[in-house]
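Chemist: Based on the sequences and whatever the hints tell you, model everything.
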Amino acid sequence: MSHVDEGTLHAYADGELTSRQQTEVEAHLSLCADCQARLEEARAAIGRASELLAELEPGPMHAPAWREMEERASARAREAPRRSWLKPSLAAAAMIAIAFGIGWFSRASLYDAALRPELTSSAPAAWMPAAGDKPSPQSVVRQSEARNRAIEADVPNELTLTEQAEVGEAGGRAKTEGGVDRAAQTAAAKSVPAGEAAREADRLEPPAEEQPVPVIEPAEPPADLRQRELEAAQQRRDEPQPSPALPERVQSELERSRAALSAFRPQTLTDEAKREFAVAVQLDEAAIWLGARVRTLPDLELVGAEVVPGSVIEEGVPGLPAVRLSYRDATGQSIILDQQWLGGQAGFAEPEVPAFLMKPNGQRAYRWDDEGGYRLILRGTISSDSLRALAGRLN
Amino acid sequence: MDLSQVYREHYRSLVRFLYRRIGDQARAEDLAQEAFVRALEHQPSQPRAWLFTVATNLARDEGRRAAVRRRHLTLIKAEADARPPEPPPDVALERREQVRRVRVALVRLAERDREALLLWEEGFSYDEIAEVLGLSRGSIGTTLARARTRLAAVLEEMKSRGEGSEEDVAR
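Those sequence lines, one after another, are chains A and B. Count the first sequence with the numbering used here and you get residues -16 to 378, in order. Count the second sequence with the numbering used here and you get residues 45 to 215, in order.
There's no promise every hint is true.
Some chain A residues close to chain B (C-beta under 10 Å, calculated; not the full set) [as the list claims (entries may be wrong)]:
1. D(-3)
2. E(-1)
3. R31
4. A32
5. E38
6. E51
7. E53
8. M341
Don't read these hints as lab results, they were simulated from the structure. This one's a predicted model, so the numbers in the text were calculated from it and none came from an experiment. Ideal placement from N, C-alpha and C gives every residue a C-beta, glycine not left out.
Modeler: Next up, the structure:
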């Protein structure tokens, strides 16, 4: 006879089993004296733990008036106003200049823009020009405008990211509770007509797990980061441009990934699901995709490099290609470096305030835009100070 | 839900959770207030779970600062001294020792186990604990079983060895 495991006994004693589970456990208990004895031990342990923790009761508390909390929140909002990092008119002009000079860049922009075919004037089948094709000025302008529209529609500020995560989270819990108006949630998150939202919601896959709510707070960049960024930006401007052609293997995998991603809203995807849209590459291939030199971390073991659409990178910029480098540090901890090339032009966009992102599972991320035109995100289950120190060592 | 109502209903519970988690009541109140200020900025749809999630993260950050660990020695002594000195001296001494032992035993639990146990004591369900800690619901029973068993076992071991001194707390 197999016995009831400890976790189930405690869950039974805590009243946290489903009706079916409870019936099964009780049926077993009626036949098994050993498990009955273990259940009594579990109940004793539960009671004992509560008694012990009751010893740690705080003394008289100071609870400020709620108005004081509101004043602190208002003061904080005044000190760090949110800024839209992308000024559309400036972005449009910069996009045209960049795309003209770098032929492959339009290829990458079409990749992401093609995920929202209603926003582009190009047919989806024509999104991947053959190697060696140079885009016409007219197509470059259309592509730039399409990207601009995609960015305007999709770029999240901090609050929107949180709201969207909460909508996804609420949708997941509401699903288990049996009542959700997914169309209304989609409309609320995106401010689109309810009918369109309903059609879009019908295409959504339910999230495999609830989306954790991130916590974002401003952060100070490392002291020498600014100087290093300026030096790195100068070095990149002096370097020759990478070859425009992506290898055929990478092209075909990106095609498959694009087709699969078009069925999803990236904000509803779990981390596991997002991995489906990553394509493993070599570093030089990643540079082609990125459109610039790939930034790397020294002294860490590089485990792998992938290219992904910017729309599946948390804290990334939708509509821009992204490179993900996976590292392992000396203790075996996983460190992820996500990067996007924003253009590198002075005044191209207002940099986002550097920020830390904390997830309930303990993973942290440090996001910043450097003066060389990169959006960079470092992730890992290490301390915020360690993330910031790593950021200062970026090549 | 109106956040001011959440504040009235859950502020004390949040402070108690943080106090048990980090051992410093003044700092626990600071962190609890910080969590509520952030809630005003983010307006979460599920404020109670969100607040405890933020509090858990803040407590983990707090626990990694060596200065806080060094302060534990002073704080536990000060905490014991600050309690209303009602019972006779020998009973008060025993009580201080028990508080110290419980604090040490709690520190010796794995971080997730400790947090799950503290959340359960604050009235969170298995579903809510799983959400706050980013664990699967099915693992909560095992996590709590491990935490409770170990807590009692560590205390028994400490009593039999006469442990629970300030040096133990510093570890």
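Chemist: Next, verify each hint and record whether it holds.
Modeler: For each hint, the structure was consulted:
no. : hint  : in the structure
1   : D(-3) : holds (7 Å)
2   : E(-1) : holds (4 Å)
3   : R31   : holds (5 Å)
4   : A32   : holds (4 Å)
5   : E38   : holds (5 Å)
6   : E51   : holds (8 Å)
7   : E53   : holds (6 Å)
8   : M341  : holds (5 Å)
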